[in-house]
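J.: Below are the chains, spelled out letter by letter.
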Amino acid sequence: MVEWTEFERDTIKDIFSKIDYDVVGPAALTRCLVVYPWTRRYFGNFGALYNAEGIMGNEMVANHGKKVLHGLDRAVKNMDHIKESYCELSQLHSDQFHVDPDNFRLLADCLAIAIATQWGSAFTPDIQAAFQKFLSVVVFSLGSQYH
Amino acid sequence: MLSKQEKELIIEIWTRLTPVADRIGAEALLRMFTSYPGTKTYFSHLDITPRSAHLLSHGQKIFLALAEGSKDIANLMTTLAPLQTYHAYQLRIQPSNFKLFSHCMIVTLACFMGDRFTPSLHAAMDKYLSAFSAVLGEKFR
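One line per chain: the protein sequences are E and X, in this order. Heads up: the first sequence runs through residues 5 to 151, numbered per this note's numbering. Heads up: the second sequence runs through residues 71 to 211, numbered per this note's numbering.
If you're looking for bench data, these hints aren't it; they were derived computationally from the structure. Here the structure is a predicted model, which is why all the values come from computation and not from measurement. There may be inaccurate statements among the hints.
[Claimed, not checked] Coverage of chain X stretches by chain E, computed from C-beta distances (three or more under 8 Å per stretch; other residues unrestricted):
1) 73-81
2) 139-153
[As the list claims (entries may be wrong)] In silico lysine-lysine, DSSO-like type, Cα no more than 27 Å apart, as pairs:
3) Lys110/X with Lys137/E
4) Lys197/X with Lys77/X
5) Lys197/X with Lys137/E
6) Lys137/E with Lys87/E
7) Lys70/E with Lys87/E
8) Lys137/E with Lys22/E
9) Lys141/X with Lys131/X
10) Lys169/X with Lys137/E
11) Lys137/E with Lys70/E
In this text, a Cβ means the ideal position worked out from N, Cα and C, and glycines have one as well.
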């Protein structure tokens, strides 16, 4: 089981209570699709994702970004049982969506960067570390049911 | 592969931020040490507490190397030759750490620039730092 300090628990709750899901979710997914173009392979039915402008203006990308960010809510509410919380989603991503789990790490990095652009210096090194630890547990959990 | 426009964007950013090279470099290092404590093992001989003189001077050194490399990306192998040798034979840093530093440099730039750190600029910078890291690790084996 993952051990969380009080600072880490408070930081995660604080981040998710403050971020605007409708802004950060789309921003994170957009960055992932722009910076790591191979991730577009999973979104073939989203329309034209040929360049940054196309991706940034795509409503399906924006909606999916919000959905993915809300997908982290279960981890925020259940920090002591994150792996169990993602069993089903992990199976889904493996068996139905066939997503290379290393891409979860890329999206997690883009989420940290999206928040960094919003918070500026308020996204301190300590807050970044807590957030990245949280994301790495989620990333691990999402990859845990692959076989 | 960096387009002409991406190369110009990268040069512009490093040039514009050179006056605060020490601050940016130091912050990137501090973020790396905080998120990835294993990276501190390479700096046991320095005082890497926040705002220390060592952290600022080392941060500046790294920033200026990145800025210098950006001026002629096609010739990174030539520009970085001395640093390649140094990192491979003397420092012997585990090359996967370059990726960790690159990520923290990007987070630092994102904090500094806010919305001006657009997805396109992020992509260009990520590509540049990947290329820089790859060249830096060329002589390891």
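J.: Look at each hint and say if it fits the structure.
T.: Here is how each hint holds up against the structure:
1. Check result for the stretch 73-81 of chain X against chain E: violated, 0 residues qualifying (beta carbon to beta carbon below 8 Å, three or more required).
2. Counting residues of the stretch 139-153 of chain X whose C-beta sits closer than 8 Å to any C-beta of chain E gives 0, which falls short of three, so the coverage hint is violated.
3. Taking the CA atoms of Lys110/X and Lys137/E, the gap is near 17 Å; set against the 27 Å cutoff, the hint holds.
4. For the given pair, Lys197/X sits about 10 Å from Lys77/X by alpha-carbon distance, which is consistent with the 27 Å threshold.
5. As the CA atoms of Lys197/X and Lys137/E are separated by approximately 25 Å, the hinted pair is consistent with the 27 Å bound.
6. With a CA separation close to 14 Å, the supplied pair Lys137/E and Lys87/E stays within the 27 Å bound.
7. Annotation: proposed proximity of Lys70/E to Lys87/E holds, straight-line Cα distance about 22 Å (limit 27 Å).
8. Our distance criterion of 27 Å between C-alpha atoms is met by Lys137/E and Lys22/E, whose separation comes to about 19 Å.
9. Distance restraint check for Lys141/X and Lys131/X: the Cα-Cα separation of roughly 16 Å lies within the 27 Å cut-off, and the hinted pair is therefore satisfied.
10. Taken as a hint, the Lys169/X and Lys137/E pair is honoured in the structure, with Cα atoms around 17 Å apart against an allowance of 27 Å.
11. For the hint linking Lys137/E to Lys70/E, the alpha-carbon distance of about 21 Å falls within 27 Å, and the restraint holds.
Checked against the numbered hints above, the structure violates hints 1 and 2; every other hint is satisfied.
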